[in-house]
Amino acid sequence: MAYFLGLLAALVAFWFGNSGHYKPLMLGFGSVSVLLTMILAYRLDIIDREGAPYVRLPQLIKYYPWLAVEVVKSNWVVIRACLRAELDITPTLTKVKTVCRSDLARVTFANSITMTPGTVTVEIEGDKLLVHGLYESGTEPEGFFEMDKRCAAACDPKEAR
Amino acid sequence: MADFLANLGSFWEILRHPLGGAACLAGGLLIIISSIGVLRFPDFYTRLHAASVTDTSGAALVLIGMALMAPNWLVLVKLLCIFIFLFLTSPTSSHALANAAHVAGLQPRIGPVGAANPEDKT
Chain E
437 MAYFLGLLAA LVAFWFGNSG HYKPLMLGFG SVSVLLTMIL AYRLDIIDRE GAPYVRLPQL
497 IKYYPWLAVE VVKSNWVVIR ACLRAELDIT PTLTKVKTVC RSDLARVTFA NSITMTPGTV
557 TVEIEGDKLL VHGLYESGTE PEGFFEMDKR CAAACDPKEA R
Chain S
20 MADFLANLGS FWEILRHPLG GAACLAGGLL IIISSIGVLR FPDFYTRLHA ASVTDTSGAA
80 LVLIGMALMA PNWLVLVKLL CIFIFLFLTS PTSSHALANA AHVAGLQPRI GPVGAANPED
140 KT
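Which chain is which? The protein sequence lines are E and S, in order.
Read in order, the letters of the first sequence correspond to residues 437 to 597 in the numbering used here.
Read in order, the letters of the second sequence correspond to residues 20 to 141 in the numbering used here.
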């Protein structure tokens with residue numbers, strides 16, 4: 437039921453943000469379309485923890501600013517690598533083991549690695565990630581411990597930790 | 020106090036357009052830099068790293084610049100939606116590309132490239 441209300445609130449906010457009309461006719465159309473979307477989502481059976489992840493929102497809001505700082509830092513490294521007169525990169529492949537349990541946490545961790553420039557997740561197998569990095573020094577498995585811990589704290593449900 | 024706030028508001032109205040323009044320019048510059056990286060790097064995987072600068076800071080700076088110049092809050096909401104979609108889909112697409120190359124059997128070039136490698140004089 438909480439997921440239902442969360443999806444409803446998100447859809448209503450999305451509609452208002454995109455239309456900006458307040459005439460009764462437009463509001464009627466809007467409510468019909470929101471209702472139709474809710475019925476479709478219910479029929480598809482996607483109103484669950486992953487379809488409406490609002491329970492995790494406070495932890496995610498704590499996680500993303502930290503990730504943004506990391507992204508800016510590693511952006512600087514890659515920009516310098518692009519513009520250096522002589523290339524000095526050492527491409528590396530590493531296996532990283534994650535402590536994340538749920539699928540959502542693993543996806544967030546892999547996406548975070550891919551989003552920071554200079555490292556890309558090539559493959560996920562169980563709890564091991566194959567990571568390709570631009571510099572050897574930035575791709576040690578120890579370097580991902582903190583991101584891994586923060587992802588697990590942000591996305592894993594409490595009982596799984 | 021109210022006078023001061025009104026002044027601050029009009030000051031912001033004047034300031035936000037140059038600020039937004041500067042942010043857009045900086046984003047465009049970053050995108051050019053990352054294209055240079057794409058052209059210079061030796062193989063597929065390393066080029067993907069250079070392209071991810073465009074995905075993250077380049078796109079974010081251009082969007083922030085446009086948000087600063089937005090005429091009303093509706094445009095702001097749409098820019099925020101674009102930002103969220105890019106934020107979720109760009110790492111996914113990079114991963115899909117890298118994974119496809121890996122599954123197809125493309126071997127990444129490992130070890131020092133360029134100045135650090137004596138065999139690599141170009």
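Quick caveat, the hints were computed from the structure, so don't treat them as lab data.
Glycine residues also receive a C-beta, built at the ideal position from the N, C-alpha and C atoms.
Hints may be right or wrong, so weigh each one.
Pairwise CB distance ranges (calculated) [claimed, not checked]: (1) Leu-58(S) with Val-448(E): 41 to 51 Å; (2) Lys-533(E) with Trp-92(S): 44 to 54 Å; (3) Val-468(E) with Leu-58(S): 44 to 54 Å; (4) Val-508(E) with Ala-115(S): 46 to 56 Å.
Hints, one by one, checked against the model:
1. About 47 Å separates the C-beta atoms of Leu-58(S) and Val-448(E), a value consistent with the hinted range of 41 to 51 Å.
2. Between Lys-533(E) and Trp-92(S) the CB atoms are about 45 Å apart, so this pair conforms to the stated range of 44 to 54 Å.
3. Checked against the given bound of 44 to 54 Å, the beta carbons of Val-468(E) and Leu-58(S), roughly 51 Å apart, stay inside it.
4. A hinted range of 46 to 56 Å for the beta carbons of Val-508(E) and Ala-115(S) is inconsistent with their spacing of about 24 Å.
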